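Asker: Full structure from sequences and hints, please.
Here's the letter readout for the chains.
Number of protein chains: 4
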Amino acid sequence: MKVALIGAGRIGKVHATSIKADPRSTLVAVADVMAEAAEALAAEHGIAARTVDDILADTGIDAILIASSTNTHADLIEAGIRAGKAIFCEKPIDLSLDRALTVRRAAAGHDRPVMMGFNRRFDPNFAALKAALEAGEIGKGELLSVTSYDPAPPPVSYVKVSGGLFRDMMIHDFDICAFLFGMPRTVMAQGACLVDPAIGAAGDIDTAVVVLGYADGRIATIRNSRRAAYGYDQRIEVLGSGGTLAAENMLENTLVRATEAGVISAKPVHFFLERYMRAYEIEWAAFVAACRDGAPVPTTVQDGVNALALAEAANRSLAEGRPVTITPDLTGG
Amino acid sequence: MKVALIGAGRIGKVHATSIKADPRSTLVAVADVMAEAAEALAAEHGIAARTVDDILADTGIDAILIASSTNTHADLIEAGIRAGKAIFCEKPIDLSLDRALTVRRAAAGHDRPVMMGFNRRFDPNFAALKAALEAGEIGKGELLSVTSYDPAPPPVSYVKVSGGLFRDMMIHDFDICAFLFGMPRTVMAQGACLVDPAIGAAGDIDTAVVVLGYADGRIATIRNSRRAAYGYDQRIEVLGSGGTLAAENMLENTLVRATEAGVISAKPVHFFLERYMRAYEIEWAAFVAACRDGAPVPTTVQDGVNALALAEAANRSLAEGRPVTITPDLTGG
Amino acid sequence: MKVALIGAGRIGKVHATSIKADPRSTLVAVADVMAEAAEALAAEHGIAARTVDDILADTGIDAILIASSTNTHADLIEAGIRAGKAIFCEKPIDLSLDRALTVRRAAAGHDRPVMMGFNRRFDPNFAALKAALEAGEIGKGELLSVTSYDPAPPPVSYVKVSGGLFRDMMIHDFDICAFLFGMPRTVMAQGACLVDPAIGAAGDIDTAVVVLGYADGRIATIRNSRRAAYGYDQRIEVLGSGGTLAAENMLENTLVRATEAGVISAKPVHFFLERYMRAYEIEWAAFVAACRDGAPVPTTVQDGVNALALAEAANRSLAEGRPVTITPDLTGG
Amino acid sequence: MKVALIGAGRIGKVHATSIKADPRSTLVAVADVMAEAAEALAAEHGIAARTVDDILADTGIDAILIASSTNTHADLIEAGIRAGKAIFCEKPIDLSLDRALTVRRAAAGHDRPVMMGFNRRFDPNFAALKAALEAGEIGKGELLSVTSYDPAPPPVSYVKVSGGLFRDMMIHDFDICAFLFGMPRTVMAQGACLVDPAIGAAGDIDTAVVVLGYADGRIATIRNSRRAAYGYDQRIEVLGSGGTLAAENMLENTLVRATEAGVISAKPVHFFLERYMRAYEIEWAAFVAACRDGAPVPTTVQDGVNALALAEAANRSLAEGRPVTITPDLTGG
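Protein chains in written order, with the working numbering: chain H, 1 to 333; chain A, 1 to 333; chain S, 1 to 333; chain L, 1 to 333.
Calculated directly from the structure, the hints in this document are not laboratory data.
Fair warning: there could be bad hints in the mix.
No distinction is drawn between identical chains; accordingly, a pair holds when it is met within one copy or between any pair of copies.
Unchecked claim - Taking lysine to aspartate or glutamate and the DMTMM-like style, the derived pairs with C-alpha atoms no more than 25 Å apart in a straight line are:
#1 160 / 281
#2 130 / 111
#3 130 / 281
#4 13 / 137
#5 13 / 281
This one's a predicted model, so the numbers in the text were calculated from it and none came from an experiment.
Answerer: Dropping the structure here:
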């Protein structure tokens, strides 16, 4: 399967490695608005840097992987659809829910896989939790709790174009809740700027708790902070009628020091690339399986719309100080 | 210090043991509306069963410990105040916030200690968390999360007179939040009946998440369930600017089994009497210290009012589907 | 059951508390070669200090608890036997194996319980491990490993009269091995003075590894050190055909701190009195059950002889640099 | 750096992957006595299968990686030396200590790196333990304990040609002890056949404890079993004057299940290829650094001799039932 990569930044490089590592896919072209970035990455893989138009026109290319900036995602998905390509696109579809819904309609008629990159679903720990839940190991799920703290806040310049905490950061956790519990009925958000006053000055928050209410009474809670002194804190816990499932943090190593200071373990792995390295590889293999074996697309455009709708509802809830109901118009349904 | 115990039920027996174990206090009388219960417990301690009136009139008795049913607490506190006794009363003051406020006014003018029994503050694990937080080990606290699941729901007959989940069960967690973070500005409740339909039929919930918003942006989250298959789940976690503090469950023992089935540790201690045995002893010693050494009363009638006000706000929030603000009239302030 | 305590030192006080706490036993007298110590402890319990002779002659006293210095144990056990008392004696019987064997013969004909105080067998964690092993949870045991480190070395003055590391400290671990695996065939000792040179100057070691070989091929390993910077390290691990059982340390509390420095748990409880507080209570209840209910004596004089024989063999092995076989004459045959 | 791989079996394939993954080395040829195996692996890497002679004669090949059967190692190392190649050889040098000493003399005069494959030194957990020990985090090391259990015993056909447990399996643990504590003065072995009677019938043991005594009093203990029902158990623990360092097992994932059955974590990763995957990569990078950057060879032929000498001493100790002293003739010193 011949793949072109659009976007040669940090996350593009991660995907390039996954494409190369998978025996069933080959990276054949790289494009980036920064020509130098495209050329450097292409050279590293012994291939050519090309333009997006050129890639789309090349009928020898089976699939495009969109890892460019968020504001280009929707247009590129639609262009890829027109060009008949299989498409893998990093989250989110767009910062605008309306625009995402347009893309969803376009994708509905496409006969090739269109997959959104929600990497956390593919994390072996979270996937094991999902499998145990579906196997009924704790009976019916009742309370879901997602903890997701970044090690350190991004630069304010990034915050300004990020779409805000709910669309940029918590969108992953909304997707995890949808993955495990499905779509909720209500969203109630509480948030504040406690980490970096500059984030508040830019009109955003850096600390938030969101509660999702489900039609059958189940409840999900998401906790976000842009900063955890000990690293990247990524945990999920589900209480069910038969017990609790918890996916704990991955630690840097297994060394334990017992001294006068206490019993000291290693910290969680610090950065998302280390934490989700395996998830990115497995995610890519799932896309290849959808393209090559006809396996179902595990994270669809609808999943992308759903996560964005929850972020939109959280923004409204925070602004209005009340719970917001998820209505069909929000999810295109 | 001579102490009379009013209430010879399950919790009364726990306190009788603490009174006996403390070298500075002596149990001298027991009263109960069930004469047989009073006599049995009194006999066990080699003392006399007496009436409440008799106890209150006895100037040789320094303190009364009220462990009778909730609907008698307010009257007994007031009677104890009139009789000039030091008073230790199990939570809550009353199911009615108004009635609790009346008691608060009466207690304000009393020159002897009046202490409310919020046992969890005295748990060595939670107290160690509080000490670490106040010592600045994780900088300023930002997100507080309290997990509190009972092993199994109480009988519906009890649920009906309990005052409901927020006043009966989560009141402990409200107090822990006040203990660690102070009084919040807003309360938002989400709840459902997922464990036992009979609880729902009785008009109560058995599963709830409450989010407390603080004036300075801090957020506390409480999770409650009436049932956890693996036992009594009692955890607290605080994220601060410098890291996280977590008080984990106490396990039945330290045995770890590694077999084909996995690596298996013991379950959390199953029942609140085992879990908080040490807390009850330390709590009582704190009351004795307040009576004998003039130490400050660690859990005051105002603390009892505050917890009840948060429960009241949670009930309103659940009924109205919106956040409720804690106004001064709620806490008597 | 009326009990007299002989020995009012540190361990005597622990036992006095256990006697008092047990509803079926009453402390009625205390004796000590230091009259003041006996009087102080007796006063604390509202009873009389008496002489040993007086106690032994008092037919109203059912049992004696011997917690005096090691060199008095053998004589007191024999005197207690002659006086027809039930006897609980702290380990060891004597530093001399020959003397212990004489006591064993005397005890054999006694019609009242004679129990040796090997407290660790009654620790709930170790007892849970034993129960799991006997229930076949890991099949047949193969490799037993006992880790036993004191928090800090005793004063050299104590070391000089202690009988040496094997008879004073590792004797507990020898007993645990006998408890879990029975008596071995061979003993091989390796030891050194690494903690305190003064211990070496006194002719003793402070660090040792002993390997016990069993007739059926099972192997037990004991590690001892007189010093662990993080507290009292007391662990047992058994590999069996179906897995591993491990009794881990009890920690001071369940607080976990995650900061830039790592993920930090509390240290093991520091002192043997805290670590084995429950064990002492349960041990005493077992003695009471032997006296009152005819329950079997769980730790017999033969157990005391066996542990001493292993210590003796370890001393020989260390001196001669070779494994020593446990012959029938060592354990009284 | 152009590398030829000799040996296309299980471990050869692991190394082929490492060679390919390292940006500074290229796999250019594969040889194996089984022509089909060589051809299959070569085809997978798009290169040619060649004979050993052909490889050695090719001056374009910088290095050979010897992953063939143990009985060919010594000859191939010597041939590689004669051909002027850099050499990486899987452990052991040979089953015969005398033969290994001959190889050591040949390697001493070679001007290219000759490195032995002791993969465990490169495991990130064990390397972190080593670094912490050398940084003085627990002061001076005193007691070292290595636990090393295989998930399941190998076929008896393999056992028969393996050289026995000490030379085949515990050799890794001997190397780890030498890595962390240096060479001991004495070796005392205890062993038995408890897992599979067929191993005993083949003249070998499957369960062993070895104690290493150091000249300065330090003691190391190694526990080996050919079978652990829960997977591959690989742990190291060091007690030092300032505390304990412990490298614990790596688990399959971080999922924790709390149910009526207990609190259940995942098992250790089951197989050595998963457990030491990272170690093999880092090990190869260290060889490349020795070849390309002149970095010191981290695991030398002398290290191979030392581990073999300890295995030899353990065999003698087991046979003679006494400790064996490591004399200079054993290590070629």
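Asker: Work down the list of hints and note, for each, if the structure agrees.
Answerer: How the hints compare with the structure:
1. For the identical chains of this complex, residue 160 and residue 281 are neighbours neither inside a copy (30 Å) nor across copies (41 Å), given an alpha-carbon limit of 25 Å.
2. Neither within a single protomer nor between protomers do residue 130 and residue 111 lie at most 25 Å apart by alpha-carbon distance, with minima of 29 Å and 56 Å respectively.
3. Only within a single protomer do residue 130 and residue 281 lie at most 25 Å apart by alpha-carbon distance; the minimum there is 18 Å, versus 31 Å between protomers.
4. In this homomeric assembly, residue 13 and residue 137 never come within 25 Å of each other (Cα to Cα): the closest approach is 38 Å inside a single copy and 38 Å across copies.
5. In this homomeric assembly, residue 13 and residue 281 come within 25 Å of each other (Cα to Cα) both inside a single copy, at 12 Å, and across copies, at 21 Å.
Hints 1, 2 and 4, counting from the list given before, are not met by this structure.
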